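Chemist: So the sequence lines, in the order shown, correspond to chains A and B.
So for the first sequence, this note's numbering puts the first residue at 1; every next one is plus one.
So for the second sequence, this note's numbering puts the first residue at 1; every next one is plus one.
Since the hints were derived computationally from the structure, they do not count as laboratory data.
Fair warning: there could be bad hints in the mix.
A pair holds if it fits inside one copy or across any two, identical chains being indistinguishable in the list.
[Unchecked claim] With a Cα cut of at most 25 Å, we get these calculated DSS-like pairs of lysine-lysine:
no. : residue 1 : residue 2
1   : Lys7      : Lys172
2   : Lys287    : Lys344
3   : Lys287    : Lys319
4   : Lys108    : Lys319
5   : Lys253    : Lys298
6   : Lys131    : Lys189
7   : Lys196    : Lys7
8   : Lys63     : Lys7
9   : Lys7      : Lys319
10  : Lys172    : Lys196
11  : Lys324    : Lys172
12  : Lys253    : Lys302
13  : Lys253    : Lys287
14  : Lys97     : Lys189
15  : Lys131    : Lys63
16  : Lys172    : Lys253
Note that the structure is predicted; figures quoted are calculated from it, not measured.
There are 2 protein chains.
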Amino acid sequence: MKALATKFGWIGLKDFIRAVFTNAGVSSRDADIVADSLVQAELRGVESHGVVRLGIYLERVEKGMLDPHGQIECVHEGASSALLDGHNNFGAVIGVKALEVALSKARKQGVSMVGVKGSNHFGIGAYYALKAIEQDMILLVFSNASQTMPPTGGIRPFIGTNPFTVGVPAGKELPFVLDMATSVVARGKIIVAAEKHERIPEGWAINQDGYPTTDPVEALAGAVLPVGGAKGYGMSMFIDILSGVLTGAGFGKYVHNMYENWHDPQNVGHVFMAVDINQFIPLEIFKHRIDTYFQEIKAEPKAPGVDQILIPGEIEYFKTIERKKHGIDLPESVAEQLYTIGDKYSVNLDSAYYLD
Amino acid sequence: MKALATKFGWIGLKDFIRAVFTNAGVSSRDADIVADSLVQAELRGVESHGVVRLGIYLERVEKGMLDPHGQIECVHEGASSALLDGHNNFGAVIGVKALEVALSKARKQGVSMVGVKGSNHFGIGAYYALKAIEQDMILLVFSNASQTMPPTGGIRPFIGTNPFTVGVPAGKELPFVLDMATSVVARGKIIVAAEKHERIPEGWAINQDGYPTTDPVEALAGAVLPVGGAKGYGMSMFIDILSGVLTGAGFGKYVHNMYENWHDPQNVGHVFMAVDINQFIPLEIFKHRIDTYFQEIKAEPKAPGVDQILIPGEIEYFKTIERKKHGIDLPESVAEQLYTIGDKYSVNLDSAYYLD
Numbered sequence: 001m002k003a004l005a006t007k008f009g010w011i012g013l014k015d016f017i018r019a020v021f022t023n024a025g026v027s028s029r030d031a032d033i034v035a036d037s038l039v040q041a042e043l044r045g046v047e048s049h050g051v052v053r054l055g056i057y058l059e060r061v062e063k064g065m066l067d068p069h070g071q072i073e074c075v076h077e078g079a080s081s082a083l084l085d086g087h088n089n090f091g092a093v094i095g096v097k098a099l100e101v102a103l104s105k106a107r108k109q110g111v112s113m114v115g116v117k118g119s120n121h122f123g124i125g126a127y128y129a130l131k132a133i134e135q136d137m138i139l140l141v142f143s144n145a146s147q148t149m150p151p152t153g154g155i156r157p158f159i160g161t162n163p164f165t166v167g168v169p170a171g172k173e174l175p176f177v178l179d180m181a182t183s184v185v186a187r188g189k190i191i192v193a194a195e196k197h198e199r200i201p202e203g204w205a206i207n208q209d210g211y212p213t214t215d216p217v218e219a220l221a222g223a224v225l226p227v228g229g230a231k232g233y234g235m236s237m238f239i240d241i242l243s244g245v246l247t248g249a250g251f252g253k254y255v256h257n258m259y260e261n262w263h264d265p266q267n268v269g270h271v272f273m274a275v276d277i278n279q280f281i282p283l284e285i286f287k288h289r290i291d292t293y294f295q296e297i298k299a300e301p302k303a304p305g306v307d308q309i310l311i312p313g314e315i316e317y318f319k320t321i322e323r324k325k326h327g328i329d330l331p332e333s334v335a336e337q338l339y340t341i342g343d344k345y346s347v348n349l350d351s352a353y354y355l356d
Numbered sequence: 001m002k003a004l005a006t007k008f009g010w011i012g013l014k015d016f017i018r019a020v021f022t023n024a025g026v027s028s029r030d031a032d033i034v035a036d037s038l039v040q041a042e043l044r045g046v047e048s049h050g051v052v053r054l055g056i057y058l059e060r061v062e063k064g065m066l067d068p069h070g071q072i073e074c075v076h077e078g079a080s081s082a083l084l085d086g087h088n089n090f091g092a093v094i095g096v097k098a099l100e101v102a103l104s105k106a107r108k109q110g111v112s113m114v115g116v117k118g119s120n121h122f123g124i125g126a127y128y129a130l131k132a133i134e135q136d137m138i139l140l141v142f143s144n145a146s147q148t149m150p151p152t153g154g155i156r157p158f159i160g161t162n163p164f165t166v167g168v169p170a171g172k173e174l175p176f177v178l179d180m181a182t183s184v185v186a187r188g189k190i191i192v193a194a195e196k197h198e199r200i201p202e203g204w205a206i207n208q209d210g211y212p213t214t215d216p217v218e219a220l221a222g223a224v225l226p227v228g229g230a231k232g233y234g235m236s237m238f239i240d241i242l243s244g245v246l247t248g249a250g251f252g253k254y255v256h257n258m259y260e261n262w263h264d265p266q267n268v269g270h271v272f273m274a275v276d277i278n279q280f281i282p283l284e285i286f287k288h289r290i291d292t293y294f295q296e297i298k299a300e301p302k303a304p305g306v307d308q309i310l311i312p313g314e315i316e317y318f319k320t321i322e323r324k325k326h327g328i329d330l331p332e333s334v335a336e337q338l339y340t341i342g343d344k345y346s347v348n349l350d351s352a353y354y355l356d
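Chain A with its partners taken away, still in its complex shape (with noise of 0.2 Å):
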């Protein structure tokens, strides 16, 4: 059995998963959504929000707890405000329709706020974040998530790592890209320490009595802590009680777990809220401004061992240009399961492995 190739091509990898999704009954538009939010997070360096959920979301199709045919709904509408039932479709189908919404009322009314309840796990913020910028509007994303952290004083996980994501775009400078987990660290971190046999820092985690703990191995049966103590446990509330509670989605321990509840769909909430910078200051001027905020930003003395002050989402524009051009280099044991996923949906892998 020869080694399987693990260097990929982005727009091959797409097509792949495109073509995935298409056998498994996802409309070509829908399919084409997915695999672009899967793909894009690959590049941007954000490998967990990569092609490695592919066989975790076709496993929720499979099973009937995702609907991949279900109608995506707008079930109250105010003049700069609306409120979707994704009836269980794909999150980031009902993502990008919500982000639609949202910049079409801001376009017209100066800010919006679309809700979102009846959703599935949405990939990476950023990825939205991007294509409103691409249309000059700045945009705010939140969403829920399943329970991973417990809440200041607790020791079982309650609330999610509810993230948040917002975009601005700039002019002859990067746009401002943020998207971030209200937790301290992402779990994926511990996990990569436990498999070295590493300890991790204190503040990261507490153990399943609710002690500080540096040992990863008891972190992952505890629980990963809020940023910044009870900063990032009233953030990540605040995330659930908009995303959730104010949309009718799930919240706490109603927002379903993807991975382990096979039950029920996951009911996962969103919010999107889309500025138009034209009704606050005129495009031009906002990004002259923002151009001299970053560039003075920059120029700012570093501290030691430091080589550049960095702007939110630089590192993530600078690894996508590079794997773009380089290729997308995925563990062995994604790569494996591509391949397995190929075989039983009947799409060749083949043209998706990077050529030099």
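Given chain A, work out where chain B should sit, using these hints.
Modeler: Below, chain B without anything else, positioned relative to chain A:
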């Protein structure tokens, strides 16, 4: 010379501050707002934003750095958005006006966003959140501030501890009031550690050369760090972008320090976003859901040594009740300042003292 009394009644204290401002040439309506904002901060236990600020507010008026007659102007208006120029009036006066516009627009359109330029230090964000909660509206408030934190990788203060506030009404439970700076910790805590000759924890601050320090004196000469490293840096930047770059207010070094700059108005910027709950879910259902959410969090098992799990705003709520009942104990130095101010503006402090 007899010792100065240091315990004050909140109503008497507010009357005193209002009278001082009135005698300083402020209209009685505006004097009432600023007095209310300072006393509310004191009641909530946010002493850093309480009556200790009275002196500097007055000094800026005296020196022509703040214009108590500045007419707040709406310079741009969309259906759900507005941009106000505060024309250098008090931050709290401008903030209350911006809040009114935001609430009124959200009630008509579903959601709204009001940007503010030409403002000053606006006190605690919770002041506005509580007013929105009284009207059953969700409110987000952002403000920038003068430079106190370095960018990630920098050593010199460039961004402010730019705070944000979220207010959400509940049903039977207490409302949710998250009011936080984007720094790890208030600078005030480092000052206290320095006075007590205690070390500060790692991660709070860097020294003038950009190295981490646990020496509070070095820290005060250096800079306080953003919460969660690059996450807090990104959040602070985003708040500066929204409050400053977008509104036409100052940003970065163009937000002037209230204590140090005696040539320019501060030109602080704020943003108020309001959400009409009924545009997403009927208010009564929302209140039921949020009560459930809070009750479920509070029922979670607790970490060793923890009595109860708190909802953001809960500590401040009970502190307010306690201080309304038992008086506000000010440090002697602050009580002395009030006495001096009363003398200067011909307002008797006596009726502000707490009576059992």
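Chemist: So, for every hint listed, does it hold in this structure?
Modeler: Now the hints, each set against the structure:
1. With identical chains, the CA atoms of Lys7 and Lys172 are never at most 25 Å apart, being 33 Å at best within one copy and 57 Å at best between copies.
2. Proximity of Lys287 and Lys344 under a CA criterion of 25 Å is satisfied in neither setting, with 49 Å inside one chain copy and 48 Å between copies.
3. For the homomeric pair Lys287 and Lys319, the shortest alpha-carbon distance inside one copy (24 Å) is at most 25 Å, but the shortest distance between copies (44 Å) is not.
4. Proximity of Lys108 and Lys319 under a CA criterion of 25 Å is satisfied in neither setting, with 35 Å inside one chain copy and 44 Å between copies.
5. Taking the shortest alpha-carbon separations for Lys253 and Lys298, only the inter-copy value of 14 Å comes in at or below 25 Å, while the best intra-copy value is 42 Å.
6. Proximity of Lys131 to Lys189 under the C-alpha cut-off of 25 Å is found in neither arrangement, the shortest distances being 29 Å within a copy and 42 Å between copies.
7. Taking the shortest alpha-carbon separations for Lys196 and Lys7, only the intra-copy value of 24 Å comes in at or below 25 Å, while the best inter-copy value is 58 Å.
8. Within a single copy, Lys63 and Lys7 get their C-alpha atoms no closer than 30 Å, and across copies no closer than 67 Å, so neither meets the 25 Å cut-off.
9. In this assembly of identical chains, Lys7 and Lys319 lie within 25 Å of each other by CA distance solely inside one copy; the values are 15 Å within and 59 Å between copies.
10. With identical chains, the CA atoms of Lys172 and Lys196 are never at most 25 Å apart, being 42 Å at best within one copy and 49 Å at best between copies.
11. Taking CA atoms no more than 25 Å apart as the test, Lys324 paired with Lys172 passes inside one copy only; the shortest distance there is 22 Å, against 54 Å between copies.
12. Proximity of Lys253 to Lys302 under the C-alpha cut-off of 25 Å is restricted to the inter-copy arrangement: shortest distance 17 Å between copies versus 44 Å within a copy.
13. Only between protomers do Lys253 and Lys287 lie at most 25 Å apart by alpha-carbon distance; the minimum there is 18 Å, versus 42 Å within a single protomer.
14. In the homo-oligomer, the alpha carbons of Lys97 and Lys189 never lie at most 25 Å apart, since the shortest distance is 32 Å inside one protomer and 46 Å across protomers.
15. When the C-alpha separation of Lys131 and Lys63 is checked against a cutoff of 25 Å, the pair qualifies neither within a copy, at 31 Å, nor between copies, at 48 Å.
16. Proximity of Lys172 to Lys253 under the C-alpha cut-off of 25 Å is restricted to the inter-copy arrangement: shortest distance 21 Å between copies versus 44 Å within a copy.
Of the numbered hints listed earlier, those contradicted by the structure are 1, 2, 4, 6, 8, 10, 14 and 15.
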